[in-house]
Structure formats: C-alpha cells, structure tokens
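Enquirer: The chain contents come next:
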Amino acid sequence: MSFVLTEEQTALQRAAREFANERVPTTHLRALRDGNDAIGLSRERWTEMAELGWPGIVLPEEHGGLGLGFAELGLVLQALGRTLAPHAFLSTVVLSGSAIALGSDARQKHEHLPKIASGERLFAFAHEERRRHARHHIATRAVASREANGGFRIDGEKSFVLDGHVADMFVVVARTSGDVDAREGLTLFLVKKTLPGVTTQRLSVVDARNAARVHLAGVEVARADVLGHVGRGVEILDRVLDRATIALAAEMLGGIEEAFERTLAHLKTRRQFGVPIGSFQALKHRAAYMFCEIELSRSIVMEALRAIDANRDDVPMLASAAKARLSDVFLQVAGEAVQMHGGVGVTDELDIGLFLKRARVAQLTLGDAAHHRDRFARLGGY
Amino acid sequence: MNDELETFRRECAAFIEAKCPASMRTPLVREDEEPWGGRRPVFTHPDTKPWMDAMAERGFTAPTWPREYGGGGLDEAHARVLEDELRRAGCRPALKSFGLWMLGPVLLQYGTEAQKQAWIPGIVRGETRWCQGYSEPGAGSDLASLQTRAVLDGDAYVVDGGKVWTSHADKADYMFCLVRTDPSARKHEGIGFLLIDMRAPGITVRPIRLISGASPFCETFFDGVRVPRANLVGRPGEGWTIAKALLSHERALISKMRDARSSEDVSLEALARRYLGTDESGAIDHPSLRDRIAQANLDLLCNKLTMRRSEEAVRAGLGPGPETSMFKLYGTELSKRRYELMVEMAGFSGLGWEGEGFEADELVRTRSWLRSRASSIEGGSSEIQLNVIAKRVLGLPDDPHGRGRE
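Going down the list, the protein sequences come from chains A and B. Numbering-wise, the first sequence is residues 0 to 381 according to numbering that gives the first Met the number 0. Numbering-wise, the second sequence is residues 0 to 405 according to numbering that gives the first Met the number 0.
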C-alpha cells in the first residue's frame, strides 16, 4: 500500500485537523483539567466524533462501522494528538473494539460493536498489572465456578487501565491456568462496570488524561461473557496490543509534529541579542536533527498502520519499531521544545509543557522504548 | 503493470540472460574488480568489460539519458523496470563513473550542443573516466572561497592552483573543476566550471593516505595548465550554480550508493552471535550492545522506509518532499554508527591493522570503520547538511554574521 495519501484520506485528514482545532483544542484539555472534571473526558465531544463516524472507522460495516482501515484511523489520531485531545479511541475502539472484533462470537459483536461505533458505550481494557508494561504478566485469576452455569470468579488488581473509571464495560485479561508469566492460560472476559466486586480508583496522571486502578474482588461472570476461547486469550491479546501500540504511535506523531512546529515558530520570532534565536547554529542544528528523526518516525508509523490493514505478518515487529522510535523522539522533541522556549517554556501558561507531560505518559503506555527495542530484537531472532 | 512495461520487463530479463555472464551476477566484493572504465582501464576480471560493453551498447549504463548521446532514452517507469530486473538477477554494476553520476546530468542541463556531443557518449560507453575538482586546501565546507585561478589567454584558460580530495585523479582522464574566472567578482559569482584533460602539461597528482590507509583520494596541482576555452560549461560566472546542481546529485549518490561493502548489508546480529554469543533464550549475550544493535537496525529500517516514501511521492508527481534533504546526513551518520558497533563487538579482534592474528573480514571491517568517518565529511559535511535543512526546509533565518552557510 502506498505512502501517498488518497484523496479520501486527505479529506479525512483535513476534517480531523479542523475538528481538533475547533472542538478539542488544547484549551479543551485545560478546561477538563482545571475544572476538575469528574471523568476527564467529554462524552459530548466523543458523541460528536461518533457522529462523524470515527469510532467506527475500523469496525465492520455490518456492525455499524465504516469498514475503513488503520491508515485512516491513524490520521484521526494524529490530528487529535496535535491538540492533546482526550479521547476514547485507544481504550474503547482499538483495544476493546479490536478484541471483540477479532475474538468475539456473533452475539457479542452484535451486542457491543454498534454501541462502540455510535459512541454510546465506552470500554476499558484491563490488562496491565505491574509498574511498567508487561505483556503476559497476568496474576489476576479467573476460577471456574463449581455451579452448573459454568461461570467464572475473577480476583485481581489492574494497575494502569486507560479510561478505567470512565468505562461502562471492561475487557478483563485474566489467568485461567498457568504460571504468572506464561503466554498460555489467559482468558479475556467482558465485565460490566456495575457487577458486584468491581471498583475503580481514578489516577490523577501528569498529562491530565485518563487512567485508573481497577480492583476485581470475587467478580462473578457468566460463561457467556468469555471473549474468545478459554485459555487461548493470548492469540487475541497479542494482536490487540500490537494494534493499540501502533495507534498510540500515530497519536504521538501528531504531538511531536505540533510541538516541533510551535518550537520552529518560536525560533523564528523570539529575538535575543538583536536577532531571532533561530539564527543561532546551536539551535538550528538541533532543530534539523529533530526534523530527520520526525521524518523517520512518520515513515514507520505509516508503514505500521498499513501493515495492519494488509494483515501482514510483520505487524508485531513494526509495532515495536514504531513505539520504540516514537517514544524516544516524542521525549526528545518535547524536551527540546521546552528548552528552546526558554523560561516561558516551563510555565504552565504556555502549552508546550503539556506536550512534555503527554510524551512521558505515552512513552510508558503499552511499553517504553527499551521494552520495544528488546522485543524488536527478539522478533528478529537475536 | 501495463502490457507495454511487462513486455519491456521480459525484454530486460532476456537481455540479462543473454549478455550478463554468470560471474557478473555475483556480489562485487573486491575493490580492484570495480568497473571504472576510462582510457587506461583496469579489468582484473575477464567478464567485466564484455558486461560493460553490452550494457553501454543499449545505453543501459545511462538509462534515462537521450538516445542521441548514447543513452537509453527510457522514461522513469521503464528505467525502474530495468533497475528491478538488474537487481533481481543480482547483476553487478556495469559501470561506475563520476561522469554518469555527477557530470552527465549537469552537462545535459547546462552544456552546449557541441559539449554534449563531445563528452556524453564517452561517459555512457565508459571510455572516459572523470574526477571531481572542487575542494581546495583553503576551501572545504566554504567551497565558494576557492582560489584556483583560470585566466583567459587567447583561446585558452591558463589554470594555476590546487585541488584536494580529487578521488581517482591519478586514474582519471579528465577533471570537472571549479575555477575562479573573475577574482574581482563576489565570491559566488566569479566561478567557472571547467573540463580539464589530465594529460595536459603542468598537472601533478599525489595520492592521499587516510586514517584507513591507502585511499582513492589525491591532491592535484595546476601550474600554468592550458585548457581550451570551449571546455568551459555555462557562462564564466555560472560555475557556482552548476556546482550546486551537481552537488545535489552527489549527495543523493553518497546516501544511495550501495554495494557489497555497504554497512547496510552487514548483519549486525550475525556478527554479534559470533563475537558475543547468545544466552539460553537465543538473545545476544550482551544487553547494552544488543540494545544498540536493535536501535541501529530499527533506524536503518525507518531510513529505508523514508527513502521509499520519498520515491513514491516523486512517482506520484508530488515532487521530492523535504525529507530528501536528510538522506545524505542520516545515511552517513547511521553508517558510522553501524561500523562503530561492528568494531566494538569484535573486541580485540576488531583492533587489527594488518597481518596475522586476524581474519580477513575483520581487517576489512576495521578499515571500513575508519573509512566511514570520511563519509560524513565528503560531499558536504553533516554540519553543512544540517545548515541546508535548517535554512531550506525549516526556514530558519541566516546567522547575521554569515556563519553556518550551506
């Protein structure tokens, strides 16, 4: 698939940029943060995005989606990344939506996917349990109940669940057998927020976006709420995490571009010693190096998004390549952006610091650069 | 692909099958087997010349150049098909030539009809070998400050001065050379682009030894060398414009030029397994070097993807995007990083200069590491490339004191 955008993709990109600038600019994030919004996400804006069809971009048409690809979804995420807009694409669409689309039976798909596409139902993907991303480390136990209905009882604690306190439903990754780090023995469950034993604790995170700790204490779920096959959850989990990793990288690319462009504008207008500071070679060269890193980042993100759409078997490797690179480059660019803005760069009044905060959270979400370089090497057989 | 291109593809495949000897479908490893041509050609391999001649006969050494000057007369799509087929068959380059890569494109753009007729066919056929006379001892990154003078005397320019980093000057037949035609003009405006016969009296060539040992680089001195006036390309003050056009070809080339000795083709992980070993899980048994290898491989992948993205944009008629300006910079910096890793992971085995106690490939890699340090200096240093990106792509303002030029 080509790197050159089609007419339709260009139109979508333009629409997404306009929406981000008009409906969810950085002032929107600030309003949620400074107004101590109860959930840190505007369901009203999410509904607006749903009216444009975006949560359904990658969902099949038969379930209310648009049946487009990740190449298209990536353009929307990139645009939202530019204004640091809070959204539920990762939690609801890419993580949970993909899990349901890839692993669910017809009944579950029919039940959930149209509501995801319409923006009515928010999901969270309850997976992480450690202090940093660990793909198959699942201690949460799901034990088959002795009663005849064949349900399960889930006990455990999830450490960093995106939109965990906002969601109406969870996809919970739990262990039905095997050791704590085994790939085998994982099972995915659809869990209603209202079930007894489910509690969430919102985390106030540095980027003012949404994450929560989720406690599962003796949560009884029915056999019908198993997503996919018991003990074989890893087949879905790995694909879902790769997709989400790539989608997050696309959002990060937007943040990188915006932070860099704002910094370039500053270099051209801010004057010291009687000249624009952008005329100083010490700053020029760093800016030029960042330009290179950003161009390489753009290429790997586009390639990875297209690989998902083409169902290629190098998606895992590209996901790790993208996330490793984007994690490093976002922190580098956001850090340089703050430095090059000088004193005003470390004030809360200026937006530029918000990009540094987002870079830090995004870096650790779904695995940092070191984690993904390790995985990239392992997938390469070394 | 349309039928016409498919027919051409079959034609290329048949041509290769008929004309490319099996030995020329093996990787070119030995530097002395490189096909440089010229008036005094060296063909250490017996099949090199027939392959070069067969390609030149069809104009395939310069596929997109006009047929009237011996070129292949192909459009981009056909040239790409030819290139694909050559690559698919693993063919060695039929001709390596600064005439093809650098001089030809600017001659086609700036030369007179007579100059094109006189010089281009010899380049296509590999009959003339060229070298580049740009840098001087006092004019490196600040190339436009060059001092080699060309003074008009009747029908000839008389050239005095000296050039450095003239690759293969000792083997070349001609030099395309930047000379100062008007010392009173501003520095960028008094420069001419002159074609000089290396046999002319008054020329002395001396090889330069690099930190990596012997090198193709030379110093070339001119002492009252007479050059026909007709050998000036463009107008007397137009040399800088031509030089810059040529430099863009050169920069694209240095980033693209790949052969069997390219750092890209060396598997870092294979070397790591050999020198560092693996743990029970099969991972390289040296966490920090393994991390750096992964980073280098990942960056190489991203760089290749970016080059492909750029090619696709050009083919879609969107023109080369701003990303093209980074290829020379990033390609050479990445190559240096890869060679550093190769030497570093070899441990003591990476320290050999020559002789017993080291494998042949180890000695080559260590020399290549040292040689790679020149790649980010020649053809416009990395610092100059950064200036170009800052100014041309990012639109950052000039330093008011005139520092940091392209």
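Calculated directly from the structure, the hints in this document are not laboratory data. Incorrect hints may have been included.
What the hints assert, rightly or not - In silico lysine to aspartate or glutamate, EDC-like type, Cα no more than 16 Å apart, as pairs:
1. A:Lys114 x A:Asp178
2. B:Lys303 x B:Asp264
3. B:Lys390 x A:Glu260
4. A:Lys108 x A:Glu146
5. B:Lys48 x B:Glu32
6. A:Lys356 x A:Glu110
7. A:Lys191 x A:Glu260
8. A:Lys267 x B:Glu311
9. A:Lys267 x B:Asp264
Said to hold, decoys possible - Here are the simulated distance ranges between beta carbons:
10. A:Glu6 x B:Asp83: 45 to 51 Å
11. A:Leu378 x B:Ser140: 52 to 58 Å
12. A:Gln271 x B:Ala244: 53 to 59 Å
13. B:Lys48 x A:Gln338: 57 to 63 Å
14. B:Gly276 x A:Glu146: 37 to 43 Å
15. A:Glu6 x B:Ser280: 56 to 62 Å
16. A:Ser203 x B:Asp83: 54 to 60 Å
17. B:Lys303 x A:Gly217: 36 to 42 Å
18. B:Ser144 x A:Thr5: 25 to 31 Å
19. B:Arg314 x A:Pro24: 50 to 56 Å
20. A:His214 x B:Ser280: 51 to 57 Å
21. B:Arg273 x A:His214: 33 to 39 Å
22. A:Thr5 x B:Asp2: 46 to 52 Å
Virtual Cβ for every residue (Gly too), placed ideally from N, Cα, C.
Enquirer: Confirm or reject each hint.
Expert: Status of each hint after checking the structure:
no. : hint                            : result
1   : A:Lys114 x A:Asp178             : 36 Å, violated
2   : B:Lys303 x B:Asp264             : 12 Å, holds
3   : B:Lys390 x A:Glu260             : 15 Å, holds
4   : A:Lys108 x A:Glu146             : 27 Å, violated
5   : B:Lys48 x B:Glu32               : 11 Å, holds
6   : A:Lys356 x A:Glu110             : 37 Å, violated
7   : A:Lys191 x A:Glu260             : 43 Å, violated
8   : A:Lys267 x B:Glu311             : 32 Å, violated
9   : A:Lys267 x B:Asp264             : 41 Å, violated
10  : A:Glu6 x B:Asp83: 45 to 51 Å    : 28 Å, violated
11  : A:Leu378 x B:Ser140: 52 to 58 Å : 42 Å, violated
12  : A:Gln271 x B:Ala244: 53 to 59 Å : 37 Å, violated
13  : B:Lys48 x A:Gln338: 57 to 63 Å  : 59 Å, holds
14  : B:Gly276 x A:Glu146: 37 to 43 Å : 54 Å, violated
15  : A:Glu6 x B:Ser280: 56 to 62 Å   : 48 Å, violated
16  : A:Ser203 x B:Asp83: 54 to 60 Å  : 56 Å, holds
17  : B:Lys303 x A:Gly217: 36 to 42 Å : 53 Å, violated
18  : B:Ser144 x A:Thr5: 25 to 31 Å   : 49 Å, violated
19  : B:Arg314 x A:Pro24: 50 to 56 Å  : 37 Å, violated
20  : A:His214 x B:Ser280: 51 to 57 Å : 34 Å, violated
21  : B:Arg273 x A:His214: 33 to 39 Å : 50 Å, violated
22  : A:Thr5 x B:Asp2: 46 to 52 Å     : 25 Å, violated
Consistency note: the structure conflicts with the earlier hints numbered 1, 4, 6, 7, 8, 9, 10, 11, 12, 14, 15, 17, 18, 19, 20, 21 and 22.
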